[in-house]
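Protein chains in written order, with this note's numbering: chain E, 1 to 117; chain X, 1 to 114.
With a straight-line Cα cutoff of 27 Å, these simulated DSSO-like cross-link-like pairs (lysine-lysine) come out:
| hint | chain 1 | residue 1 | chain 2 | residue 2 |
| --- | --- | --- | --- | --- |
| 1 | E | K14 | E | K41 |
| 2 | E | K41 | X | K22 |
| 3 | X | K101 | E | K20 |
| 4 | E | K41 | X | K49 |
| 5 | X | K101 | E | K41 |
| 6 | X | K77 | X | K58 |
| 7 | E | K55 | X | K101 |
| 8 | E | K66 | X | K101 |
| 9 | X | K69 | X | K58 |
| 10 | X | K69 | X | K49 |
| 11 | X | K101 | E | K64 |
| 12 | X | K58 | X | K22 |
| 13 | E | K66 | E | K55 |
| 14 | X | K69 | X | K22 |
| 15 | X | K77 | E | K41 |
| 16 | E | K41 | E | K20 |
Keep in mind the hints are simulated off the structure, nothing from the lab.
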Amino acid sequence: GAVVSQHPSRVICKSGTSVKIECRSLDFQATTMFWYRQFPKQSLMLMATSNEGSKATYEQGVEKDKFLINHASLTLSTLTVTSAHPEDSSFYICSARVPGGSGNEQFFGPGTRLTVL
Amino acid sequence: AQSVAQPEDQVNVAEGNPLTVKCTYSVSGNPYLFWYVQYPNRGLQFLLKYITGDNLVKGSYGFEAEFNKSQTSFHLKKPSALVSDSALYFCAVSASSNDYKLSFGAGTTVTVRA
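Based on the sequences and whatever the hints tell you, model everything.
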């Protein structure tokens with residue numbers, strides 16, 4: 001199956017700093033990637049849809065100036081958490097859709113655990 | 001709008017017994033349905049999907065699920081559970097449109113005791 005990687009897997013930062021998380025499709029080109037946020041023992045909440053070469057589409061209630069998304073190539077999308085605060089601590093997961101794949105199937109990265117002190 | 005309900009937060013079974021994780025959905029149009037499994041501090045692993053065709057779908061690790069249109073359900077089943085099946089399971093739905101978004105259920109924690 002299609003493989004999606006994320007880097008870093010874990011990051012700890014001080015409040016007020018910015019953190020960048022990378023999501024890569026390793027063996028396919030992904031025109032569409034998705035960013036999710038997951039709180040402990042809860043479901044995945046879609047934050048935004050990342051489209052290669054265009055602006056991301058954010059879900060209602062997600063601050064686009066705080067969660068910057070860049071999809072500069074067909075294999076890489078980045079999520080930058082700007083001026084991070086402790087409430088931004090969470091598990092961030094990306095996924096990618098295989099172009100031409102059936103049924104809107106998405107392949108998920110392993111996730112990034114962000115802890116803001 | 002599309003949504004998924006997983007009515008059970010937790011399912012506990014003994015190893016070797018059948019395992020069922022329930023899922024119902026709501027979507028406009030034809031549904032695409034998925035089951036994913038998540039182990040601690042890991043991303044989601046794909047188990048199986050229903051797109052069209054046979055209502056009984058077989059997936060990875062001996063799991064299967066049955067699409068029931070009249071009951072709008074897509075329950076996950078495994079005839080004989082293993083301790084290693086203990087994990088968090090998510091059901092997801094997408095409409096057969098082109099926005100590609102998945103909506104996830106709240107998740108069900110499965111614990112299989114030896």
